[in-house]
Amino acid sequence: MRSFVISASCLVQVTLVGSLASQAPPAWHNPAVRRVADTLVVLSDGAEWAPGLFKIRYHGYIMGTGGSFTIISGFECTDCDAPRLIHVLRPLVSAADTSHPAFYFPGTVGSEDNPEGFIRSRGFVGSCTASDEQGLVIVESRRGDDGRWADSTRTVRLMGGKLVVDTQAGRVSAEQLARQRVSAGRCHEIVPEAHQLEG
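Per this note's numbering, the sequence shown runs over residues 50 to 248.
Keep in mind that a hint or two might mislead.
[To be verified] Listed next, with one range per pair, are the computed distances between beta-carbon atoms:
id, residue 1, residue 2, range
1, 244, 126, 15 to 25 Å
2, 210, 243, 15 to 25 Å
3, 97, 197, 43 to 53 Å
Derived by calculation from the structure, the hints in this document are not laboratory data. Ideal Cβ placement from N, Cα and C applies to all residues, glycine included.
Model the full structure from these sequences, guided by the hints.
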């Protein structure tokens with residue numbers, strides 16, 4: 050089982066490179082993204098960005114002082130049992146750069162030992178928190194070795210040109226606020242996968 054645990058208040062410098070499944074960017078798209086197609090992201094200046102992912106999807110961006118970061122998801126390989134992951138990257142940086150944050154894609158992720166799932170999560174992009182800053186919010190429940198579930202909320206935001214990843218216990222209040230912001234048109238939810246298996 051792969052673990053993507055990021056310590057609270059961890060400061061991460063991110064550089065971007067990625068690819069996305071063929072789709073036109075929605076209304077909340079990053080101005081630098083023109084379109085995505087499987088393993089390639091085409092930027093507004095015509096530059097082609099291949100972040101090293103397969104079946105890429107574009108989910109939005111985080112913008113602030115110092116530039117913007119693109120939120121994409123994809124698979125690390127096509128003939129393996131790795132799950133889809135979310136990456137927060139600066140354009141033209143590789144997803145293999147381990148200095149950027151990566152998260153399990155929202156939904157349920159299971160394994161051979163835990164087919165019913167060891168993580169259940171939802172993801173939100175935009176102004177989804179009380180601070181009204183743009184960011185990515187992941188609310189999740191993770192099953193421990195003892196069979197008990199622990200809830201947490203991870204928030205990714207841009208501060209001083211760097212990504213800040215905060216992790217806090219609990220998910221209910223953050224999830225309720227994010228859903229209210231979705232209803233108000235301030236943020237959107239990443240459509241979750243019903244079930245993924247990780248080998």
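ask   = Taking 15 to 25 Å as the hint, is the beta-carbon distance of residue 210 and residue 243 inside that range?
value = Given a distance of about 37 Å, which is not inside 15 to 25 Å, the answer is violated.
query = Is the hinted range of 43 to 53 Å satisfied by the C-beta distance from residue 97 to residue 197?
reply = 46 Å, holds
query = Given a hinted range of 15 to 25 Å, is it respected by the beta-carbon distance of residue 244 and residue 126?
reply = 19 Å, holds
When held up to the earlier numbered hints, the structure conflicts with hint 2 and nothing else.
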